[in-house]
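J.: Between the sequences and the hints, there should be enough to build the whole structure, so can you do that?
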Amino acid sequence: MNDLTRDSDRILSESKALVRDNREGGRHRRAPSIGQGSAKAKRDHLMQKVRNLLIAVAVIWVGAGIAGAIFSGIGFWGVMAVVVATAIATAIFSSYPKIKTPKRADINKGNVQQMVGRTELWLEAQRPALPPPAAQIVGDMGVQLDALGLQLEGLDQDHPKAREVRSLVGEQLPQMIDSYQRIPAHLRKEERAGATPDQQLTDSLGKISGEIDSITRQLAEGSLDDLAIKHRYLDYKFGEGAQTSPQLEHKN
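Our numbering puts the first residue of the sequence shown at 1, with every later residue one more than the last.
By construction, these hints were calculated from the structure, which means they are not laboratory data. Check the hints yourself; a few may be wrong.
Claimed, not checked - Here are the simulated SDA-like pairs of lysine to any residue, each with C-alpha atoms no more than 20 Å apart in a straight line:
#1 LYS207 with ARG163
#2 LYS42 with ILE99
#3 LYS161 with ALA147
#4 LYS161 with ASN111
#5 LYS98 with LEU168
#6 LYS189 with ALA129
#7 LYS161 with SER179
#8 LYS161 with ARG217
#9 LYS100 with GLN114
#10 LYS109 with TYR96
#11 LYS207 with LEU219
#12 LYS109 with LEU168
#13 LYS100 with THR86
#14 LYS49 with ILE99
#15 LYS100 with GLY170
#16 LYS42 with PRO133
#17 LYS103 with GLN181
#18 LYS49 with TYR96
#19 LYS49 with PRO97
#20 LYS109 with LYS189
#21 LYS98 with ILE55
#22 LYS42 with VAL84
#23 LYS207 with ALA147
#24 LYS98 with ARG127
#25 LYS98 with ALA56
#26 LYS42 with LYS98
#27 LYS207 with GLN218
#28 LYS100 with ALA147
#29 LYS207 with PRO133
#30 LYS161 with VAL143
#31 LYS49 with ILE92
#32 LYS109 with ASP158
#33 LYS161 with PRO174
T.: What follows is the structure, given as structure tokens:
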């Protein structure tokens, strides 16, 4: 029975390790998220897998309890079967279903704010195939897309800026990366029209990055102006040189 206990502990320990490794991105790939949008999508996917795992384990153990009640115990092999079934369920549900990278054709669908999050996930999948300077820009772009997503919250889908973001992030950005990836690898470093495809991609990504920042600033102008107005009001009301109210003077 001691051997059974040790085996059970070992199997459950390995199962927990699988869940931990999967939470960190898998045993073979632990690339960090480029932004909060893609990180949230991963967390939501992880919670779905954890829920499925808990349901599966509960079914196994409740079934074992019912069987034990009916047959006055399940015996040594019954316990082993429950432990093995739990380990198998943990291994399966901690690895599947895999998170799906948005397809190129699906990026520009639905709400523009959701589109930004899908673009982050798609960019993460493309980043390993990009030259290092371009991959660095893509990594930094995640933070920019997060900030842009916050400004898009509640924005009318027909607003000119929403349409501009949809064109820039949902069409031009992925189209440019697609065009680069269709170029054979041995031709990407050959100069043509004064620059190599690697350099052209990096330069284009830099321009898109700058445009994303510009749009975010334009969308934030209303909030910035509102904050400035409130700051000036408070400075006038309570800042140095502000007059003390008669009530306070009387009390003093």
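J.: State for each hint whether it applies.
T.: Hints versus structure:
The hinted pair formed by LYS207 and ARG163 meets the criterion: a straight-line CA distance of about 18 Å does not exceed 20 Å. At roughly 7 Å between alpha-carbon atoms, LYS42 and ILE99 fall within 20 Å of each other, so this suggested pair holds. Between the alpha carbons of LYS161 and ALA147 the distance comes to roughly 14 Å, so the proposed pair stays at or under 20 Å and holds. Annotation: proposed proximity of LYS161 to ASN111 holds, straight-line Cα distance about 13 Å (limit 20 Å).
For a cut-off of 20 Å, the pair hint linking LYS98 to LEU168 is broken: about 29 Å separates their Cα positions. Among the hinted pairs, LYS189 with ALA129 is consistent with the structure: their alpha-carbon atoms are about 14 Å apart, no more than 20 Å. Distance hint between LYS161 and SER179 is unfulfilled; the C-alpha atoms sit about 26 Å from each other, more than 20 Å. For the hint pairing LYS161 with ARG217, the CA-to-CA distance comes to about 11 Å; that is within 20 Å, so the pair holds.
Distance hint between LYS100 and GLN114 is fulfilled; the C-alpha atoms sit about 15 Å from each other, no more than 20 Å. Taking the CA atoms of LYS109 and TYR96, the gap is about 26 Å. The hint is violated against a cut of 20 Å. For the given pair, LYS207 sits about 18 Å from LEU219 by alpha-carbon distance, which is consistent with the 20 Å threshold. Among the hinted pairs, LYS109 with LEU168 is consistent with the structure: their alpha-carbon atoms are about 14 Å apart, no more than 20 Å.
A distance of roughly 26 Å separates the Cα atoms of LYS100 and THR86; the hinted pair therefore is violated under the 20 Å criterion. A C-alpha spacing of about 10 Å is found between LYS49 and ILE99, which places the hinted pair at or below 20 Å, so the restraint holds. Between LYS100 and GLY170, the direct Cα distance comes to roughly 18 Å. Compliance with the 20 Å bound is thereby established for this hinted pair. Only pairs whose Cα atoms come within 20 Å are accepted, and LYS42 paired with PRO133 is rejected, the gap being roughly 26 Å.
Between the alpha carbons of LYS103 and GLN181 the distance comes to roughly 15 Å, so the proposed pair stays at or under 20 Å and holds. For the suggested pair LYS49 and TYR96, the alpha carbons sit about 7 Å apart, so the restraint of at most 20 Å is met. Of the pairs offered as hints, the one joining LYS49 and PRO97 holds, with about 7 Å between alpha carbons and a cut-off of 20 Å not exceeded. Annotation: proposed proximity of LYS109 to LYS189 is violated, straight-line Cα distance about 34 Å (limit 20 Å).
Of the supplied pair hints, the one linking LYS98 and ILE55 holds, its CA atoms being roughly 18 Å apart against a limit of 20 Å. For the suggested pair LYS42 and VAL84, the alpha carbons sit about 28 Å apart, so the restraint of at most 20 Å is broken. Distance hint between LYS207 and ALA147 is fulfilled; the C-alpha atoms sit about 17 Å from each other, no more than 20 Å. With a C-alpha separation of about 19 Å, the suggested pair LYS98 and ARG127 falls inside the 20 Å cut-off, and the hint holds.
Distance check on the hinted pair: LYS98 and ALA56 sit about 17 Å apart at the alpha-carbon level, within 20 Å; holds. Note on LYS42 and LYS98: the hinted pairing holds, with a Cα-Cα distance of about 10 Å set against a maximum of 20 Å. Under the criterion of a C-alpha separation no larger than 20 Å, the hint pairing LYS207 with GLN218 is consistent with the structure, at around 17 Å. Of the supplied pair hints, the one linking LYS100 and ALA147 is violated, its CA atoms being roughly 24 Å apart against a limit of 20 Å.
Taken as a hint, the LYS207 and PRO133 pair is honoured in the structure, with Cα atoms around 13 Å apart against an allowance of 20 Å. Between LYS161 and VAL143 the alpha-carbon distance is near 19 Å, which keeps this suggested pair within the 20 Å criterion. At most 20 Å may separate the alpha-carbon atoms for a hinted pair to count; LYS49 and ILE92 meet this at roughly 10 Å. As the CA atoms of LYS109 and ASP158 are separated by approximately 14 Å, the hinted pair is consistent with the 20 Å bound.
For the hint pairing LYS161 with PRO174, the CA-to-CA distance comes to about 19 Å; that is within 20 Å, so the pair holds.
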